[in-house]
Structures are given as structure tokens and as C-alpha cells.
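Engineer: Residues per chain are reported as follows:
Protein chains: 2
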Amino acid sequence: MSKVNACVIAGGQCKFGVREASYIDMVQEASKACLDDLPDLKPRDIDGLLFASTYVGRNSCQVNPAPVVAERVGLKPTSICTRVDVLCAGGSSGILLAQGLVQSGMAEVVMVLGSEKLYTPERWQIQYGEIAASDHDWDAPQGIGPPPLWFAMQAKDHMKHYGTTREQLAAVSVANYKYGFNNPKGHFQNELTIEEVIEAKEIAAPLGLFDCCPLTDGAAAIIIASEERAKDLSGRPLVYLRGGAQVSLHSVTANWPGKHLGDWPHMKLAAEKAFERAKLSPEDIDVAQVHDCFSISQIIELEELGFCKKGEGGPFMASGQTNLDGKIPVNTDGGLLSCGHPLGATGIRQGIEVVKQLQGRAANQVKGARFGLTHNLSGVNVEHTIVTYGREPKK
Amino acid sequence: MSKVNACVIAGGQCKFGVREASYIDMVQEASKACLDDLPDLKPRDIDGLLFASTYVGRNSCQVNPAPVVAERVGLKPTSICTRVDVLCAGGSSGILLAQGLVQSGMAEVVMVLGSEKLYTPERWQIQYGEIAASDHDWDAPQGIGPPPLWFAMQAKDHMKHYGTTREQLAAVSVANYKYGFNNPKGHFQNELTIEEVIEAKEIAAPLGLFDCCPLTDGAAAIIIASEERAKDLSGRPLVYLRGGAQVSLHSVTANWPGKHLGDWPHMKLAAEKAFERAKLSPEDIDVAQVHDCFSISQIIELEELGFCKKGEGGPFMASGQTNLDGKIPVNTDGGLLSCGHPLGATGIRQGIEVVKQLQGRAANQVKGARFGLTHNLSGVNVEHTIVTYGREPKK
Numbered sequence: 003m004s005k006v007n008a009c010v011i012a013g014g015q016c017k018f019g020v021r022e023a024s025y026i027d028m029v030q031e032a033s034k035a036c037l038d039d040l041p042d043l044k045p046r047d048i049d050g051l052l053f054a055s056t057y058v059g060r061n062s063c064q065v066n067p068a069p070v071v072a073e074r075v076g077l078k079p080t081s082i083c084t085r086v087d088v089l090c091a092g093g094s095s096g097i098l099l100a101q102g103l104v105q106s107g108m109a110e111v112v113m114v115l116g117s118e119k120l121y122t123p124e125r126w127q128i129q130y131g132e133i134a135a136s137d138h139d140w141d142a143p144q145g146i147g148p149p150p151l152w153f154a155m156q157a158k159d160h161m162k163h164y165g166t167t168r169e170q171l172a173a174v175s176v177a178n179y180k181y182g183f184n185n186p187k188g189h190f191q192n193e194l195t196i197e198e199v200i201e202a203k204e205i206a207a208p209l210g211l212f213d214c215c216p217l218t219d220g221a222a223a224i225i226i227a228s229e230e231r232a233k234d235l236s237g238r239p240l241v242y243l244r245g246g247a248q249v250s251l252h253s254v255t256a257n258w259p260g261k262h263l264g265d266w267p268h269m270k271l272a273a274e275k276a277f278e279r280a281k282l283s284p285e286d287i288d289v290a291q292v293h294d295c296f297s298i299s300q301i302i303e304l305e306e307l308g309f310c311k312k313g314e315g316g317p318f319m320a321s322g323q324t325n326l327d328g329k330i331p332v333n334t335d336g337g338l339l340s341c342g343h344p345l346g347a348t349g350i351r352q353g354i355e356v357v358k359q360l361q362g363r364a365a366n367q368v369k370g371a372r373f374g375l376t377h378n379l380s381g382v383n384v385e386h387t388i389v390t391y392g393r394e395p396k397k
Numbered sequence: 003m004s005k006v007n008a009c010v011i012a013g014g015q016c017k018f019g020v021r022e023a024s025y026i027d028m029v030q031e032a033s034k035a036c037l038d039d040l041p042d043l044k045p046r047d048i049d050g051l052l053f054a055s056t057y058v059g060r061n062s063c064q065v066n067p068a069p070v071v072a073e074r075v076g077l078k079p080t081s082i083c084t085r086v087d088v089l090c091a092g093g094s095s096g097i098l099l100a101q102g103l104v105q106s107g108m109a110e111v112v113m114v115l116g117s118e119k120l121y122t123p124e125r126w127q128i129q130y131g132e133i134a135a136s137d138h139d140w141d142a143p144q145g146i147g148p149p150p151l152w153f154a155m156q157a158k159d160h161m162k163h164y165g166t167t168r169e170q171l172a173a174v175s176v177a178n179y180k181y182g183f184n185n186p187k188g189h190f191q192n193e194l195t196i197e198e199v200i201e202a203k204e205i206a207a208p209l210g211l212f213d214c215c216p217l218t219d220g221a222a223a224i225i226i227a228s229e230e231r232a233k234d235l236s237g238r239p240l241v242y243l244r245g246g247a248q249v250s251l252h253s254v255t256a257n258w259p260g261k262h263l264g265d266w267p268h269m270k271l272a273a274e275k276a277f278e279r280a281k282l283s284p285e286d287i288d289v290a291q292v293h294d295c296f297s298i299s300q301i302i303e304l305e306e307l308g309f310c311k312k313g314e315g316g317p318f319m320a321s322g323q324t325n326l327d328g329k330i331p332v333n334t335d336g337g338l339l340s341c342g343h344p345l346g347a348t349g350i351r352q353g354i355e356v357v358k359q360l361q362g363r364a365a366n367q368v369k370g371a372r373f374g375l376t377h378n379l380s381g382v383n384v385e386h387t388i389v390t391y392g393r394e395p396k397k
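Top line first, the protein sequences correspond to chains F and Y. Going by my numbering, the residue at position 203 of the first sequence is 205; the numbering climbs one at a time, nothing skipped. Going by my numbering, the residue at position 103 of the second sequence is 105; the numbering climbs one at a time, nothing skipped.
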């Protein structure tokens, strides 16, 4: 038995934003957009479903959602029908698991569908959910939750140790909003200036309103198939999954693995593992979607991924190196800052954008892109997930 | 690249029952039992963790539990660290996903750990959780939840169409409790008579107290590794994962796929798919762990798996065909009825028992067992999951 290669054959998403819609409404929109992306693919061809969502049980009161989602989008899976959850990285986790199922021959065509209904008029529900997402025994009782105090502390440490400036943080928001301007399915379609970012309402110093991704509802779907089925079904250039990494070294902020909060060795390890497994290096990557839940995150991620030297993420951003004519175009559809971050859907949205880039059909196209990656962090920065994509399979 | 085979190399569980323990206490006990099962394996050898749990967010207030569990059991995963959830089949789902990761070469050694803290003095929490596990739009508002009314209706239909008797239902509980008698880690260690089962408190006619699995807390862990690592690490006979199936054809009871409620074509399809993928037939199976959440479930499952003809599950049970000297020993460690059913942990407990059987070290040993399977149904019987195991790999 020789190993099968796994390809992405279709993708689609619903409009992200504050939606007057249930999670089911949104998965139906995303699934339809995904199936419309490849009309030759019929729902009966799909033998697996992985549904990524964290808050569906809390906010939508649906436990065991995978069979419900399968029925509502017209699938009858026979290989796998399971929910996956790792908060902000659920979608990417689903893509890695689908790659495993397809490459091992355990499934042929798997839809990975992610959705989150986050906005409810009841603010306590959101805040309580965020706190529940921290380590419940140690961090949550101290008020340490994902947004945004904990990331403000990381920003301060990065500024202290590397001289990163407020303007350099703002450059992330400006760059990503600029890319998001022509993405009608993102949360926002407006450009920002450095001044607007700096003068915006302070959320947790040094982070202001536009340094933080918004609270967003949304869903996205992507389909992974064996290379053989991909060749049958898709007329587009093939895009291969080349492997990735999901690294978790700690769950309690007091066990922080770095020398300070601007040093993310768990992400560095994830990058090393992913590049090693994908037989790629940072220099091979033509386009990247990284987890810009806050402006500071993207600066540190560019460093830990090896796109610039450690500590130089601020000047790298400020000099426009993530623009289309820069060293490495990043978050080319707007990222979390402009598209919003419906947790389980985010890794899938990122994957769709990378695939479009490698197929030459992105709105903000990187010329001749052959290799791309996506990155997510989860929770209070306790886990890093990287997925790599290429126009050719790993040899 | 040639495909890797995946083996089970270790397993262990905590004591199942009504536990004065948190889910973390229980995963630590289970993980220790699992690591003690193979002392040459060190936590640093484990590069992946899949954590199966449905109610950890609701009952234990921990969202994104995988990194928390990894830290508390001493793992530092670099390949995968994700929660999976498909209610009663989460553990089996994790095993299938781990098989995919290992066979594809994306991970080398993966722990699948399942846990559920179900019992709380607040009954509403349990009942509300059960209702949330039905299709929330259609079934839950009508009061259709997993236990036990819906299964009583299935029992009635099976009795009506096939002449199954109350005594035959009771024979399931008697047989499984008998196996559970010498399993100190199960919920119960007592034998029952047919009369005791029939005369017990009625829960939902025709099902009485002992026809229903109890509300149980627990955790279980199993480790899947590449054949190469298994040969290095384990001195025991190798047990291979040969593939399986997870089938979901509907989520709303009104879309029931069978001719009546005693007819489970979705389970029949799961069995056909699993046997086809495993290159096995029902006749090859030496030992099976099936999902006896209710006595009626096991009767129908024996039929749909092909161990007896359709409609003959009742007489098959009553004539002792699932005993050690019968046609197919079933639920040899006590099953859900005697061990209890801590959802995410159940498929793992079943897998551990099958592995012990194939290695010749089970408490109720089936002589010379070479092939085994586990089966779970999920929710209001909306999904069926089958995992197959063998002393030799699939050719």
C-alpha cells in the first residue's frame, strides 16, 4: 500500500459579521458556497465531516452537533462525523485530521466545516465563555482570559525587550484592514490610518480598538480529497496538504515557556516541526495567514515563523514587508483583524485564502505563489497550530 | 512513501462509578494506569493527544480542555492536541482519528484520552445536558432525548415485529453483569437473575432499572503508535487497528432511516463499511464490545453486525451465544450496563478490553482471539461508530 496524497478541492464561507442568524443558518451558507465552488462535486461524494466549533454547546445549546450539521447540509458521512474543538484553531485542527484520514485511505472526501455564533445580546454569555476558555483551575479565577489584557502584557514585554513601538503595532492593523477592504465576506471593509489606530478607544494599553479582532459570527467550509479524486473532480491546479504541527507545552500562564511574554518558544517549535514535516523552510513560503487576534500577535508570529529575525517584527511590519510587494505577503484577505474571528471557522477561512492564492484566483493575488501556510494560536496562547500547503506534494 | 501500520501499545482506565473526583483527577488516574501498562514508554515519546469529552464544557466549566489535560498528565504534544466530541462515541472517534494520523505518518505516538464527569448533585444539569444532546431544533423541544423513552419505543417496535420478549431483554443485563462481576474498575460488581431484572423498578416500559446503563463518571486512555514504534516499545503481541466506520444518516428522529424503530439500517451500513475496510467478515470476529446503553440496543446491534439473523437477537441472547462458550463473546468486561457509560471514555474502555483479549490477558479471556471490534451508537441513535482490531495488519 502506498501513501495517498491529500488535496484541497473546494472552499467557501458565509458573510462574517454580527449576524442575525443561527449557527445552522451560517453552516448552510458556508456549505453551499463551498459546494458551489466545485459544481461537479455532489454531497453524496463526501464521506466524512469534521465540524469545528467551541461554543456551539454553550451559545447554541447543541451538544453533539456533528450529526445535526451533517443532516442540515445534506451529507451522509460513512467514514467520520465528529466535532473537533481547540478554540481558535478548531478549523486548522480539522484540516490536519482530515489530511490524516485521507492520506491513510480511511476516507476519500472530507468536508471540514467550522462555525461559531459568538455575538449574543447577553454580554455575560460571551464573557463567561471566554473565562471558561482559560485553564479553569488556575488562570480563570484570576481573570486571565484570552482577550485582551493578557495580550496587552505580551505587547508590553515585546516593547520592553525589543523596542517595538506603538506605531509598529498600528502598522499591523493598517496593513490587514487594507487587504480586507476588497473582501466582501469579511467583517469590515474599510481602510485605516496609523493615526486612527493610535487614537482609537483604548482597550488595554497599549492595545486600542483596532488592535483587537472583533466579536464575529461566521462559518466556513473546505473539502479535502485524495489526489486521485481531486484529479477526477477538480479542473483547477491541485493544492496539496503537506503536513503541519500542533504544539502545546503548557496551559497555565504561570508555566509560560518563554524567557518573557514576547518570546514564544512553543510557536517556534511548532514552526520548526511544521517546516521539517513539510520539507519546506520559511524562505519557501510565498504567502502566509497568521493569527492576528491582536496586532502584537502578528508581530511576534512573523518572528517565530522565521520570516524576520527575533525582535524585528515591528520594523518588518512598519516597512511594509507583508504587503504584496514585500518580503512575505501576510493575511491577504484581511486576517482576523478585518475579517473577524469566528473561532472554529478561522483556520478554514485562512486555508481557503491560501488555496486561492496557490491557484492564482485570490482577490489580492501574490504572483506565482507555490507554497503557503496558515497559523493559529489558541486560548491564552497555550497552543500553536500550523498547516502547510503546496502546488506540489511532499516528495 | 509506503503506508505505516497503526498499533495499540497501552491502555488503562480509572475506577468508573459515582466519583467524588473532578474530570482532571480522573484523567490523571487513567493516564497513569495507561502509562503503567507500558513502563518503557515515557510521556516525552507521546507526540499527540486527542481528548474525548462531551460535557466537560458544561459540567466542568472547561472550554478548550485539550491543552489543560495535556499539561495535567505531563504531555507536550507537537503533532496534535485537540478535543473530539461525538457524545457516546467520542473515544472511538479519537481512536479512528489517531489511526489516520499514525498511518499517514503525521504523528508517531498518540494518546486518546476520554473522560466525563456526569454525576452532579444538581439533577437539572444532567437532564438539561441530555436534552441539549438531541437535535435542538426538532427533537429536544418534544422531549426526545437519549435515555430512556426513545429506546423503550425501539424495544416495543422490536417486540412487535420480531416477537422479542421481556425475558430476552433481561438476558442481556444478566449476561453483561456476569462478565462485569470480576472487573473491579467497572461501576458495578454484582450478578443479576432474570427475575431481578424483570422485577426491578420500571423506568420506561418495557425497560426497567437494570436494562439501562447507569450515570457514571470515569476516564480511560489508550495509546496508538506506528508499528515500528510499537515493536520498539512493546514486548506484547502486536494489535493492529484495521479501520472502521462512522455513519450518520439523520439527526432528527422523524427522519428515521429504518422501516420501524427496531430496524437500524444506518448501523447495518456502518458494519458493512467497517468490515469492507478491515477486510474482515462477522465470522472473523472473535470478541466484540457493543453499545449496550440499554438491553434492547445490544439485541439489535448483534443483528445489524451480522452475528445473528435480523430479528433473532432475542433468542440469540437467551441461548447464551454471547457467553465465553457461545458463538461470539460480547461485552466481556461488563459493557455499559455493568461498567457504566462515561461517554467519551467508553469507546476507549472497549478498545482496551479488545486489545487485552487479543493479547491473551483479559479477565474473561476468549481463547485464541485474533480479531475484535468495538461499536458505539451516539445520541438518539443518530450515529454508529465501529473500530476493528486484529493480531495481524490488513494486507
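Calculated directly from the structure, the hints in this document are not laboratory data. We put the beta carbon where it would ideally sit given N, CA and C, even for glycine. Any given hint might turn out to be false.
The calculated PhoX-like cross-link candidates involving lysine-lysine, where the alpha carbons are at most 20 Å apart (straight line), are [as the list claims (entries may be wrong)]:
1) 270/F - 78/Y
2) 158/F - 312/F
3) 233/F - 5/F
4) 281/F - 397/F
5) 78/F - 162/Y
6) 5/F - 270/Y
7) 270/Y - 275/F
Partner residues are not named here, just some residues of chain Y that face chain F (Cβ under 8 Å, in silico) [said to hold, decoys possible]:
8) 69
9) 70
10) 86
11) 89
12) 184
13) 245
14) 252
15) 361
16) 380
17) 384
Taking CB as the label site, the calculated pair distances span [what the hints assert, rightly or not]:
18) 234/F - 397/Y: 21 to 31 Å
19) 237/F - 395/Y: 29 to 39 Å
20) 267/F - 122/Y: 35 to 45 Å
21) 167/Y - 76/F: 35 to 45 Å
22) 144/Y - 328/F: 54 to 64 Å
23) 237/F - 397/Y: 14 to 24 Å
24) 123/Y - 329/F: 51 to 61 Å
25) 145/F - 122/Y: 24 to 34 Å
26) 274/Y - 42/F: 19 to 29 Å
27) 281/F - 239/Y: 30 to 40 Å
Engineer: Hint by hint, say whether it matches the structure.
Structural biologist: Evaluation of the provided hints:
Restraint check: the Cα-Cα separation between residue 270/F and residue 78/Y comes to about 14 Å, which is no more than 20 Å; the hinted pair holds. Taking the CA atoms of residue 158/F and residue 312/F, the gap is near 16 Å; set against the 20 Å cutoff, the hint holds. With a CA separation close to 16 Å, the supplied pair residue 233/F and residue 5/F stays within the 20 Å bound. Distance hint between residue 281/F and residue 397/F is fulfilled; the C-alpha atoms sit about 8 Å from each other, no more than 20 Å.
This hinted pair does not check out: residue 78/F and residue 162/Y have alpha carbons roughly 29 Å apart, beyond 20 Å. For the suggested pair residue 5/F and residue 270/Y, the alpha carbons sit about 29 Å apart, so the restraint of at most 20 Å is broken. Distance check on the hinted pair: residue 270/Y and residue 275/F sit about 41 Å apart at the alpha-carbon level, beyond 20 Å; violated. A least Cβ separation of about 4 Å between residue 69/Y and chain F falls short of the 8 Å threshold, and the interface hint therefore holds.
Interface restraint check: residue 70/Y against chain F, minimum CB-CB distance 4 Å, threshold 8 Å, status holds. Checking residue 86/Y against chain F by beta carbon gives a least distance of about 5 Å; that is within 8 Å, so the hint holds. A hinted interface residue such as residue 89/Y counts as satisfied when its beta carbon comes closer than 8 Å to some beta carbon of chain F; here the least separation is about 4 Å, so the hint holds. A least Cβ separation of about 33 Å between residue 184/Y and chain F goes past the 8 Å threshold, and the interface hint is therefore violated.
Because the beta carbon of residue 245/Y sits about 6 Å from the nearest beta carbon in chain F, less than 8 Å, this interface hint is met. The closest approach between the C-beta of residue 252/Y and any C-beta of chain F is roughly 6 Å, which is under the 8 Å cut-off, so the hint is satisfied. Checking residue 361/Y against chain F by beta carbon gives a least distance of about 24 Å; that is not within 8 Å, so the hint is violated. The interface hint given for residue 380/Y holds, since its Cβ lies 6 Å from the closest Cβ of chain F, which is under the 8 Å cut-off.
Interface restraint check: residue 384/Y against chain F, minimum CB-CB distance 4 Å, threshold 8 Å, status holds. One distance hint, 21 to 31 Å for the beta-carbon pair residue 234/F and residue 397/Y, holds here, with the actual separation near 26 Å. Taking 29 to 39 Å as the suggested C-beta distance range, the pair residue 237/F and residue 395/Y conforms, at roughly 37 Å. The beta-carbon spacing between residue 267/F and residue 122/Y, approximately 39 Å, falls within the hinted interval of 35 to 45 Å.
A hinted range of 35 to 45 Å for the beta carbons of residue 167/Y and residue 76/F is consistent with their spacing of about 40 Å. Checked against the given bound of 54 to 64 Å, the beta carbons of residue 144/Y and residue 328/F, roughly 57 Å apart, stay inside it. Our hint of 14 to 24 Å for residue 237/F and residue 397/Y is violated, since their Cβ atoms are close to 36 Å apart. Restraint check, residue 123/Y to residue 329/F: a C-beta distance of roughly 59 Å satisfies the suggested window 51 to 61 Å.
At roughly 25 Å, the beta carbons of residue 145/F and residue 122/Y sit within the given window of 24 to 34 Å. Distance hint check: the CB atoms of residue 274/Y and residue 42/F are about 27 Å apart, consistent with the given range 19 to 29 Å. Range check, residue 281/F to residue 239/Y: about 35 Å between beta-carbon atoms, so the 30 to 40 Å window is met.
Checked against the numbered hints listed earlier, the structure breaks hints 5, 6, 7, 12, 15 and 23; every other hint is satisfied.
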